[in-house]
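Visitor: Residue 177 is where the sequence shown starts when you use the working numbering, and the numbers rise one by one after that.
Everything labelled a hint here was simulated from the structure, so no lab data went into it.
Predicted model, so just to flag it, every value in this text is computed and none were measured.
Heads up, the beta-carbon is just placed ideally off N, CA and C, and yes, glycines get one too.
It is possible that some hints are incorrect.
[Claimed, not checked] Computed beta-carbon distance windows for the label pairs:
{"#": "1", "residue 1": "Phe-258", "residue 2": "Gln-300", "range": "37 to 47 Å"}
{"#": "2", "residue 1": "Arg-263", "residue 2": "Ala-427", "range": "39 to 49 Å"}
{"#": "3", "residue 1": "Leu-295", "residue 2": "Leu-415", "range": "37 to 47 Å"}
{"#": "4", "residue 1": "Val-192", "residue 2": "Leu-270", "range": "39 to 49 Å"}
{"#": "5", "residue 1": "Gly-396", "residue 2": "Gln-300", "range": "43 to 53 Å"}
{"#": "6", "residue 1": "Gly-422", "residue 2": "Phe-258", "range": "27 to 37 Å"}
{"#": "7", "residue 1": "Val-192", "residue 2": "Ala-294", "range": "32 to 42 Å"}
{"#": "8", "residue 1": "Asp-302", "residue 2": "Gly-229", "range": "21 to 31 Å"}
{"#": "9", "residue 1": "Gly-414", "residue 2": "Ala-243", "range": "22 to 32 Å"}
[Claimed, not checked] Listed below are the simulated DMTMM-like cross-link pairs for lysine to aspartate or glutamate, each with C-alpha atoms no more than 20 Å apart in a straight line:
{"#": "10", "residue 1": "Lys-330", "residue 2": "Asp-291"}
{"#": "11", "residue 1": "Lys-287", "residue 2": "Asp-298"}
{"#": "12", "residue 1": "Lys-287", "residue 2": "Asp-302"}
{"#": "13", "residue 1": "Lys-330", "residue 2": "Glu-234"}
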Amino acid sequence: MRVHATARGGTAVWLVVLALAQVAAFALLWRLAVHTGTGQWLDTVALTGNRIGQQRIEGLVDRVLNAMSVVSLLAVTVVIGFIALIRGRKALALGATLLIAGANVTTQLLKFGLDRPALGIDPQRDAVGNSLPSGHATVAASVALALVLVLPPKVRALGAYLGGAYAAVAGVATLSAGWHRPSDAVAAFLVAGVWAALAGLFLLVFQREQAQVAREDAHGLAAAVLGLGGLAAVVVSGLAVSSLLGQQQIAVDELTRRTLFIGYAGSAAGIAGTMGVVTALVLLSVHRLVPRHKG
177 MRVHATARGG
187 TAVWLVVLAL
197 AQVAAFALLW
207 RLAVHTGTGQ
217 WLDTVALTGN
227 RIGQQRIEGL
237 VDRVLNAMSV
247 VSLLAVTVVI
257 GFIALIRGRK
267 ALALGATLLI
277 AGANVTTQLL
287 KFGLDRPALG
297 IDPQRDAVGN
307 SLPSGHATVA
317 ASVALALVLV
327 LPPKVRALGA
337 YLGGAYAAVA
347 GVATLSAGWH
357 RPSDAVAAFL
367 VAGVWAALAG
377 LFLLVFQREQ
387 AQVAREDAHG
397 LAAAVLGLGG
407 LAAVVVSGLA
417 VSSLLGQQQI
427 AVDELTRRTL
437 FIGYAGSAAG
447 IAGTMGVVTA
457 LVLLSVHRLV
467 PRHKG
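Please build the complete structure, drawing on both the sequences and the hints.
Guide: Have a look at this one:
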């Protein structure tokens with residue numbers, strides 16, 4: 177097994193850039209999706225289109241969403257911390273807990289603190305106020321990313337696939353159930369991604385100076401599959417929703433079934449794609465944050 181010393185300075189810079197990029201993406205998403213008529217219209221089209229085929233997936237959607245609660249989140253956090261502890265990684269247990277707690281508390285603070293102007297596009301839901309980011313999507317994403325951090329290298333890629341898929345399904349489920357707009361789920365994944373980067377910086381502080389990593393622990397192929405697949409889904413989403421812009425003058429209730437389906441399916445692809453990219457970025461970094469060889 178070939179190993180080399182970690183470059184903590186370079187890794188720290190990468191994590192800071194990663195965190196800032198996701199904060200910027202969140203701010204841009206909030207500005208465009210919440211504070212512009214076009215953004216609110218596209219979100220409303222997707223949310224209205226969720227009724228297409230809803231009866232066929234209603235049972236699955238309910239099971240996915242009902243599995244997430246404060247009690248289940250606490251239980252999963254304990255399990256994730258225990259995995260880190262049995263590996264002899266106390267700092268990792270704290271870092272994973274920091275990721276989950278930080279992401280979910282941040283989401284609730286943002287949901288309470290951010291404003292959503294009523295532009296007359298979706299009057300019924302405007303009365304509810306701001307719903308960005310999604311709490312359920314944050315729970316799923318933070319757990320998935322924490323799992324990637326704590327799992328041993330041999331099963332880390334599998335954990336990234338399964339965790340990323342679970343979070344993506346949960347994010348789409350919030351749209352399918354009519355609980356959240358697409359931008360709410362995407363924003364939640366970005367919040368979790370920011371906290372994954374911050375947890376990584378926390379782990380670097382406690383990393384030994386001579387810690388070494390094995391090259392095969394980088395999981396480059398798995399990260400490429402998740403990242404490129406996610407980017408492809410985001411591009412498809414962008415093309416789908418942009419094709420609807422010419423119909424913006426039409427009231428959402430008067431749109432055709434085909435238009436509503438494009439908005440719904442395109443937004444679902446964007447939700448899933450975002451989670452794929454966020455998971456890939458964490459997977460690319462974790463072998464430097466949790467080296468197999470402590471030195």
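Visitor: Failing hints, ascending?
Guide: Violated: hints 2, 3, 4, 6, 10, 13.
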